[in-house]
Amino acid sequence: MDIFLQAMINGVTLGSIYGLIAIGYTMVFGIIGMVNFAHGDVFMLSAFVALILFLILTQLLGITNVALAFVIVLVGAMAITALWNWAIERVAYRPLRGSFRLAPLISAIGMSIFLSNMVQVIQGPRNKTIPPMFEKNIALTSGGSYDVTLSYKQIVIMVSTTLLMAAFWYLVQKTPLGRAQRACEQDRKMAALLGIDVDRTISLTFVIGAALAAVAGVLYLSYYGVVSFADGFVPGVKAFTAAVLGGIGSLPGAVLGGLLIGLIEVLWSTYVSTDYKDVAAFSILAITLIFMPTGLLGRPEIEKV
Amino acid sequence: MTTIIEAAPGRKAAPGRDGAPTPMLSIRGLQTFYGKICALKGIDMDVNEGEIVTLIGANGAGKSTLMMTIFGSPRAREGSITYEGRDITRLPTHEIARLEIAQSPEGRRIFPRMTVYENLQMGAAINGFAHFDRDLERAFTIFPRLKERAQQRGGTLSGGEQQMLAIARALMSRPRLLLLDEPSLGLAPLIVKQIFDVIRDLNKTEGLTVFLVEQNAFHALKLADRGYVMVNGLITLSGTGKELLSRPEVRAAYLEGGH
Numbered sequence: 402m403d404i405f406l407q408a409m410i411n412g413v414t415l416g417s418i419y420g421l422i423a424i425g426y427t428m429v430f431g432i433i434g435m436v437n438f439a440h441g442d443v444f445m446l447s448a449f450v451a452l453i454l455f456l457i458l459t460q461l462l463g464i465t466n467v468a469l470a471f472v473i474v475l476v477g478a479m480a481i482t483a484l485w486n487w488a489i490e491r492v493a494y495r496p497l498r499g500s501f502r503l504a505p506l507i508s509a510i511g512m513s514i515f516l517s518n519m520v521q522v523i524q525g526p527r528n529k530t531i532p533p534m535f536e537k538n539i540a541l542t543s544g545g546s547y548d549v550t551l552s553y554k555q556i557v558i559m560v561s562t563t564l565l566m567a568a569f570w571y572l573v574q575k576t577p578l579g580r581a582q583r584a585c586e587q588d589r590k591m592a593a594l595l596g597i598d599v600d601r602t603i604s605l606t607f608v609i610g611a612a613l614a615a616v617a618g619v620l621y622l623s624y625y626g627v628v629s630f631a632d633g634f635v636p637g638v639k640a641f642t643a644a645v646l647g648g649i650g651s652l653p654g655a656v657l658g659g660l661l662i663g664l665i666e667v668l669w670s671t672y673v674s675t676d677y678k679d680v681a682a683f684s685i686l687a688i689t690l691i692f693m694p695t696g697l698l699g700r701p702e703i704e705k706v
Numbered sequence: 064m065t066t067i068i069e070a071a072p073g074r075k076a077a078p079g080r081d082g083a084p085t086p087m088l089s090i091r092g093l094q095t096f097y098g099k100i101c102a103l104k105g106i107d108m109d110v111n112e113g114e115i116v117t118l119i120g121a122n123g124a125g126k127s128t129l130m131m132t133i134f135g136s137p138r139a140r141e142g143s144i145t146y147e148g149r150d151i152t153r154l155p156t157h158e159i160a161r162l163e164i165a166q167s168p169e170g171r172r173i174f175p176r177m178t179v180y181e182n183l184q185m186g187a188a189i190n191g192f193a194h195f196d197r198d199l200e201r202a203f204t205i206f207p208r209l210k211e212r213a214q215q216r217g218g219t220l221s222g223g224e225q226q227m228l229a230i231a232r233a234l235m236s237r238p239r240l241l242l243l244d245e246p247s248l249g250l251a252p253l254i255v256k257q258i259f260d261v262i263r264d265l266n267k268t269e270g271l272t273v274f275l276v277e278q279n280a281f282h283a284l285k286l287a288d289r290g291y292v293m294v295n296g297l298i299t300l301s302g303t304g305k306e307l308l309s310r311p312e313v314r315a316a317y318l319e320g321g322h
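These protein sequences, in sequence, are chains A and B. Once you know that position 246 of the first sequence is 647 in the working numbering, the rest is easy, because the numbers rise by one and skip nothing. Once you know that position 51 of the second sequence is 114 in the working numbering, the rest is easy, because the numbers rise by one and skip nothing.
These aren't lab readings, by the way, just hints derived from the structure by calculation. Be a bit skeptical, because a hint or two may be false.
[As the list claims (entries may be wrong)] To be clear about the criterion: a stretch of chain B counts as covered by chain A if any three or more of its residues have a C-beta under 8 Å from a C-beta of chain A, and this derived list gives those stretches:
{"no.": "1", "region": "175–181"}
{"no.": "2", "region": "280–290"}
[Stated by the list, open to error] Calculated Cβ distances over 12 Å to all of chain B for the following chain A residues:
{"no.": "3", "residue": "Ala488"}
{"no.": "4", "residue": "Ile539"}
{"no.": "5", "residue": "Gly544"}
{"no.": "6", "residue": "Asp548"}
{"no.": "7", "residue": "Gln574"}
{"no.": "8", "residue": "Ala581"}
{"no.": "9", "residue": "Gln587"}
{"no.": "10", "residue": "Met591"}
{"no.": "11", "residue": "Leu595"}
{"no.": "12", "residue": "Val599"}
{"no.": "13", "residue": "Arg601"}
{"no.": "14", "residue": "Thr602"}
{"no.": "15", "residue": "Ala631"}
{"no.": "16", "residue": "Ser674"}
C-beta atoms are modelled at their ideal positions from N, C-alpha and C, and glycine is treated no differently.
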């Protein structure tokens with residue numbers, strides 16, 4: 402029971418990170434119908450941006466307050482990654498709009514390869530580490546054979562994820578920008594007829610998706626304390642699995658799918674096999690696509706008109 | 064010229080054609096292609112301020128293509144579209160929408176997963192919600208049905224309600240020229256009458272200029288000041304609504320058994 406509880410805590414932590422990345426996949430798919438295969442690498446890039454910012458703040462500027470450094474890193478990484486993704490969309494996807502359907506997809510795969518290779522060349526192929534932060538743990542149970550702990554890191558991850566998702570939900574549901582975003586997702590041509598600049602709205606979608614991926618990147622870096630140029634791929638595909646499981650195009654689905662994938666992965670490595678945890682996640686991708694292509698909260702293609 | 068138009072009733076319509084004003088919307092030699100297929104083969108037409116102008120024609124004649132070409136989507140290959148003296152032929156779609164022209168397009172194109180209220184908010188997106196509450200009140204006065212359905216998703220409305228919503232949404236931006244594409248399509252006669260009454264009222268009381276595309280030729284020509292007949296991407300006839308109604312070829316092609 403204690404082990405199960407610990408696995409749940411760890412699973413939710415990991416799932417929060419997947420959920421944040423999955424939102425980027427699902428939003429981009431919703432608005433332009435493209436699976437953005439470079440999104441995992443944008444996430445990896447954001448972790449490197451965070452790493453560099455963190456080192457600048459602590460080593461060069463001598464900031465010792467970890468919480469302050471964390472907030473600055475978070476905001477900085479969100480802004481810089483958003484700018485990157487904005488540029489990627491302009492360079493690699495927008496010129497292909499109106500081209501055949503596979504064109505932007507192939508371009509995204511190319512962009513994925515470009516990003517991971519660029520980071521490899523600039524930062525080197527080895528793992529990069531940061532000094533640990535938020536090291537304390539809270540023991541939830543004690544005295545038994547196994548102490549269930551909740552680390553400060555995990556609390557930071559859950560709180561940041563909850564806050565940012567709430568802000569994001571507000572943005573999409575309640576602001577004119579979010580409304581324009583949803584309108585473009587449902588009918589781009591009609592949105593243009595109502596005076597919405599569709600290209601700008603698509604750019605905005607990439608910017609928001611990247612900002613959330615950057616949050617995931619910062620949290621990932623602070624959780625594991627290490628990142629490498631190849632770290633975009635596996636979390637990226639898992640987050641994509643999460644988006645598919647939740648129902649691609651559905652925002653609550655992305656969050657739900659992320660949490661489920663995180664939980665399944667941790668439970669699988671706890672009770673079955675650590676070596677095969679990726680197999681579990683990817684089996685879910687295959688099973689979902691075969692038996693439930695619309696996912697848990699996705700909508701079927703047919704709509705009442 | 065730009066003037067701020069209040070939604071208040073009693074706005075005077077522009078002087079008639081006798082005063083020889085420049086038309087509000089003027090289309091010259093317009094050609095539109097889908098790939099190699101020529102959908103519009105050189106259209107000339109005018110809409111004067113304060114008028115209701117209708118365009119009738121059979122399925123596939125190019126009526127909706129003309130409506131969308133006015134909004135630059137698809138883009139015209141030849142010819143020009145002038146609105147209020149300004150050439151808008153090459154303007155991006157969303158910028159045309161900001162010139163006080165609104166369209167209720169073919170198929171209504173309600174945002175299905177947004178509420179009625181949100182659909183109306185989208186209609187007001189370009190004027191920054193400065194007078195949103197007043198305009199919303201006006202929309203609900205014109206179509207009380209929408210008020211009852213305000214929190215319902217657009218996709219769950221009936222065809223008639225969707226049509227009302229499409230028109231109400233177009234009015235939310237306070238247009239001076241309203242493009243209506245087949246508002247009567249697929250609707251029960253009673254609702255068609257209701258919608259045509261609304262169009263007439265808006266024209267009479269607020270001086271709203273209306274360009275109406277219809278297959279329901281009888282109703283449209285009775286309502287309109289002037290009309291055009293389109294066949295295979297060309298205008299073949301034009302005249303006042305009354306004139307066209309009495310033309311034997313119009314009667315034969317569009318009215319026999321049609322009302």
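Here is how each hint holds up against the structure:
1. 175–181: holds (count 4)
2. 280–290: violated (count 0)
3. Ala488: About 22 Å separates alanine 488/A from the closest Cβ of chain B, which puts it past 12 Å; holds.
4. Ile539: 42 Å, holds
5. Gly544: Answer for glycine 544/A: holds, closest chain B Cβ roughly 52 Å.
6. Asp548: At roughly 47 Å from the nearest Cβ of chain B, aspartate 548/A sits farther out than 12 Å, so the non-interface label holds.
7. Gln574: 9 Å, violated
8. Ala581: Label violated. Min Cβ-Cβ 7 Å, cutoff 12 Å.
9. Gln587: 5 Å, violated
10. Met591: Incorrect as stated: the minimum Cβ-Cβ distance to chain B is 4 Å, not above 12 Å.
11. Leu595: 5 Å, violated
12. Val599: 7 Å, violated
13. Arg601: Non-interface label fails for arginine 601/A: nearest chain B Cβ at 9 Å, not farther than 12 Å.
14. Thr602: 10 Å, violated
15. Ala631: 38 Å, holds
16. Ser674: Serine 674/A clear of chain B: closest Cβ-Cβ about 41 Å, beyond 12 Å.
Hint compliance for this structure: hints 2, 7, 8, 9, 10, 11, 12, 13 and 14 are not met, and every other hint is.
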